[in-house]
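There are 4 protein chains.
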Amino acid sequence: MRKIKLGMVGGGKGAFIGEIHRMAARLDDRYQIVAGALSSDPKIAAASAEENNIEKGRSYDSFEIMAEMEKNLANGIDAVAIVTPNHLHASVAKAFLKKNIHVICDKPITTELSDAEELEILTNDSGLIFAVTYNYSGYPMVRQAKEMIAAGKLGNIRIIQLEYAQDWLSESIEKTGQKQATWRTNPKYAGKGGAIGDIGTHAFHLAEFITGLKTSALLADLDSFVAGRTLDDNANILMQYNNGAKGMLWVSQVASGKENGLQVRVYGDKAGIEWSQEEPNQLRYSPLGDSTNIITRAGSAAGQLSNQASRLPSGHPEGFIEGFANIYRDTADLIVAHNIGRQMNSLVPNIQDGVRGIRFIEKVVASNQAGSIWLSLED
Amino acid sequence: MRKIKLGMVGGGKGAFIGEIHRMAARLDDRYQIVAGALSSDPKIAAASAEENNIEKGRSYDSFEIMAEMEKNLANGIDAVAIVTPNHLHASVAKAFLKKNIHVICDKPITTELSDAEELEILTNDSGLIFAVTYNYSGYPMVRQAKEMIAAGKLGNIRIIQLEYAQDWLSESIEKTGQKQATWRTNPKYAGKGGAIGDIGTHAFHLAEFITGLKTSALLADLDSFVAGRTLDDNANILMQYNNGAKGMLWVSQVASGKENGLQVRVYGDKAGIEWSQEEPNQLRYSPLGDSTNIITRAGSAAGQLSNQASRLPSGHPEGFIEGFANIYRDTADLIVAHNIGRQMNSLVPNIQDGVRGIRFIEKVVASNQAGSIWLSLED
Amino acid sequence: MRKIKLGMVGGGKGAFIGEIHRMAARLDDRYQIVAGALSSDPKIAAASAEENNIEKGRSYDSFEIMAEMEKNLANGIDAVAIVTPNHLHASVAKAFLKKNIHVICDKPITTELSDAEELEILTNDSGLIFAVTYNYSGYPMVRQAKEMIAAGKLGNIRIIQLEYAQDWLSESIEKTGQKQATWRTNPKYAGKGGAIGDIGTHAFHLAEFITGLKTSALLADLDSFVAGRTLDDNANILMQYNNGAKGMLWVSQVASGKENGLQVRVYGDKAGIEWSQEEPNQLRYSPLGDSTNIITRAGSAAGQLSNQASRLPSGHPEGFIEGFANIYRDTADLIVAHNIGRQMNSLVPNIQDGVRGIRFIEKVVASNQAGSIWLSLED
Amino acid sequence: MRKIKLGMVGGGKGAFIGEIHRMAARLDDRYQIVAGALSSDPKIAAASAEENNIEKGRSYDSFEIMAEMEKNLANGIDAVAIVTPNHLHASVAKAFLKKNIHVICDKPITTELSDAEELEILTNDSGLIFAVTYNYSGYPMVRQAKEMIAAGKLGNIRIIQLEYAQDWLSESIEKTGQKQATWRTNPKYAGKGGAIGDIGTHAFHLAEFITGLKTSALLADLDSFVAGRTLDDNANILMQYNNGAKGMLWVSQVASGKENGLQVRVYGDKAGIEWSQEEPNQLRYSPLGDSTNIITRAGSAAGQLSNQASRLPSGHPEGFIEGFANIYRDTADLIVAHNIGRQMNSLVPNIQDGVRGIRFIEKVVASNQAGSIWLSLED
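Protein chains in written order, with the numbering used here: chain A, 9 to 387; chain B, 9 to 387; chain C, 9 to 387; chain D, 9 to 387.
Looking at chain A on its own, in the form it has when it is part of the complex (with noise of 0.2 Å):
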């Protein structure tokens, strides 16, 4: 099977989440990467293309010189995965797409609700594929989940209960030199959100997925309990669905002993299903009048989104890597049928799941400095 040639932007040493692409490229032997602009230092780019195998030629300065030069190599890279900082996604991803190249973009796609039209009209009308990393709808539990929701096993969904806490920032790391905390902490880098949107994001984007159901409107209450830091590491929200569902979402980077603390927690008329990413291989089904059930992944229960999205028999636990990589192979599934010219369905975050994103955030931010209103999120 031809592999897919991938170019990198961003995720040269000592970056966190570039090696973690690419651990997800190489899992299933879909990809090859063979181009990067690995870092905007020139040492640092050449050091870490070479660790990577990357040729010499091959290793960009500049992302739009990747671009450009890409474009017209006669096995220039199908796609690129973008991996900086924030407020880089969307030159970044304009560059790629006007060569014609697929994007695979990480979230928040921009730190500007305008930047992130732009791209959803550049993707539409080039009809390139752009997918963005919200990972954790790759894990097989969290689609199993969206599976039963999609059959009616839980009723009419009533409640959607979701937190996202971690504790890494509980101090002000980013006065230390801390290089992830420093660029997170920072609007110029990060945007308008500070935990909203490097995490908040992700518990948006499932709660839509699992469901099936749109936000439409949400109340934001946002602190910054660390001194001196002027983005929220705390947010309290409230949130109202398209089916007259309510819902919670708590973010926080400041809550002692969270480490990466993901749940999501749906109840329905019929049954409810909870979900928690640091025991991501189970999922609680408790039908009402019933007891709770733990569905398995690959287990008796498990139903095809999540076999499909599963490498390991039952008991055999799969992680964080497995479940970023169904990103990335769902990914290549959609390159390889719109290189042949077909349509498929795919439960890849596309350019309409990034957009809406960001107007998560752009609403947070605006519904809490109201002072706690309600905002609709289509308007």
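To be clear, the hints were calculated from the coordinates, so they are not data collected in a lab.
There's no promise every hint is true.
As the list claims (entries may be wrong) - With a Cα cut of at most 20 Å, we get these calculated EDC-like pairs of lysine to aspartate or glutamate:
hint, chain 1, residue 1, chain 2, residue 2
1, D, Lys161, D, Glu282
2, A, Lys161, C, Asp298
3, C, Lys161, A, Asp298
4, B, Lys13, B, Asp36
5, A, Lys183, B, Asp36
Mind docking chains B, C and D on chain A? Use the hints.
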């Protein structure tokens, strides 16, 4: 040791909470139940009295007569336990307070704030004991949390996440004649609050009890998901505390799979703690920069407050009844101290806590009616 | 309802299990403790009696006198609870049985098999009730397991995995004068078994109680890991059951981190179940080819036996005392039935169960001494 | 960095473990799979090779030819991964060792002890790397446990409780043609051990890996519960270790509800630790006289060994593939060191570990046949 002579109003056959009060009173042998107006139905009252070894002459058909008669008996009751539906609490409590009899009252203490405030005045003027059975504050590990926070283990509190979710009202069982459901969903008997009154007040109290903070403002979004129900069965509430901490409170009685899911999580700038009522014998303690500790009841790291509230060695689970019994035991200490004219500090929820609970309900309802606006709890 | 008049031997100040028996007896208001020989030290006996509201005239200095006196009283005790160290159980039980008084006896019932067999004859000849407080069989979910197995839910039982691990004897605290440790590690007071007698007998009984099977043979390897200790503090035992099922039993009092880790797991050809004493309100049920179900006490899937043993709605944890109290409540039923000459089936562990426990200890010790050989339990 | 050229024998379509080896090899980009004899069926071999991007010329019909050919190629393979059924391991390994090619071999390494010992001699004489994929030793928290014990955190080890339970062979699925079941229950392909060989060897190795102790003796009771099965599907084993520690090992493939239930628990005179494969990212650590700590992968209390084996921040679950990949990554380090003539310590299970696994199987079977007697593992 002389036992406290206890009377009971409500709690006849078919009731739920009355028998719990009786087991709680018996557990430590500090009380003797000697009188009762156990039902407004004379036959049920008599049969229930016999079942509970109450002499015929001290089983009453009305609480007014009971208060009058017991006052005049040489060996009349020292205290009365009020376990009727909410709408009767106020008049019963008033009747006994006026006869100089201590009161142990279920929550919410009244259905109207004005009644609660009147009880507060009566209690303060009389100097009598008015214990409110916010029973969850009797759990040893809840007190462990309180002691740790008071000792500064968590530093400055930033975040308080509360939830109390059940599923027993997921369907309109009030229409089937189920007694508990019928009165709890009827404003005439329950007051203005549905789930927020029945269980939300517990969570509200617990947060203040554990942290020593006061709720300064709240913002609420209420729903009645079950068709035909007038009181709330689901509530999403944002909270502000008087030190600047923020929080959320989710209250639901329609969350399929939740049996009695009361959970309190508190995060400060030094550590976080988490406690869940369904696993009451442990407390998760997560100091920033260290591993999470599982502190167990009567275990190596248990402190004085929790040890005083424990009856068994670690690993021998204590439960709901034992926690409830701690309220009774501590109230017995208060009554003994009162009788000898001694002041004592106590963890027993008192009339002020009871009034705060009613104010909580009123403000939640008002905020929701106003479209989810912040309301001060002090106005 | 007339209360059963209960006497107690042992259980004075400083004892552990006596107060648990008293709380268990009080919880359901079926007993009244009216007499006692609570300590062999007359001063402690008197002080303990006063503390427990026992009249002076019915606090005795010796159990022999107590048996003699109570027999002759018009309102003498119906039953005696024996909560002394093990070596006294036999003579106390004999004294009361001979006076036609029912016995509730802690386990192990004797320190010698011959004594146990003598008690069995006495009991059978007298027709009296002899209840053994294998209290873990009083837990509702243990009875749920029993009911499910009896109903064939597990099919043919193949495997029984038992463990009962604690850590409180990890160091030689018996040398510090700790009262519980001192007698439990001394063969003079405890008998031939250390951990196997103190806690192993519980697990042994529980397996037979739950499955309805009988242990046919065992093979043991005992250790005394703490220097200077003569009785076992760790035991690894293989088991065979009378239907061909196999099992293992690990007993330890030196397993750091284990508080009261009693666990029973049973696997048949149709399903498996798992129950852990430290989370007593749930039972894991895993039908072959389906998801694991979390069956909860008083929850949707709870059956008759567990519901009869429950006092509270699901989600309101019951614990050790409530389980213990079920033994007392069921024994009260037995005594009432006896008094009116009616036979009744009962789940209360009886004298035969008590004798089996002593035989278990003897065979374990003998197998270990012989170098870990299989010994039939029936020889 | 030059990638190691890897060949593979076995692992064609329909196999289970082959694809896991390939994902593990790919994850860190240290290997390139360039040759294979993926099936004994030429058509399947060719199709599987194509699927894995192996050039036609290097897809072989027999491993003997493959060994011969690859030896002579300028860019021939550095190492071979052997993922056939057990009975072929020995001859394949021998063939490649003789051609001076490193071996990565699945467990158990042979079906006969004599074969294993011959491989040991061949390996030692050649100086080649022989890695055995006892993959569970690649989990970061397993290595965390090893490091803590080596550092004395547990004091003297007293007790080792092992279990490895599954349920997939609860019925005679080998009769339905299920490929994995068919060969694993057939002594011709699997060797003398059923469950004890397939999974018991993992637990056996893990105990020695973690504690640094050696098993000195064992005593076994084996069963084949499923009708018609000749190899064991359940094993109850007692263990002695060379420092006097004692243990139990339960191995089962007929325990309904167990998916891949490998659990290791070790108790010393200072602390205990517990690790469960299905929740691999955490380690419970219980120091005597203190609370249980939940040590998490890459968390605050994680040490050097586990951090070196981690790829992701804490809270981002790693799983089975990542643990497996650690064996591959460490083996890559060994091969690189070998190539430059440098000695290095390694955590990779080696030929001695492989031989011990075979000896374990033989002794277990012999002890059982002799009626469950203690057998020294060193005889």
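Hints, verified against the model:
1. Lys161/D - Glu282/D: holds (13 Å)
2. Lys161/A - Asp298/C: At roughly 17 Å apart (the allowed maximum being 20 Å), aspartate 298/C and lysine 161/A satisfy the hint.
3. Lys161/C - Asp298/A: holds (17 Å)
4. Lys13/B - Asp36/B: holds (14 Å)
5. Lys183/A - Asp36/B: violated (56 Å)
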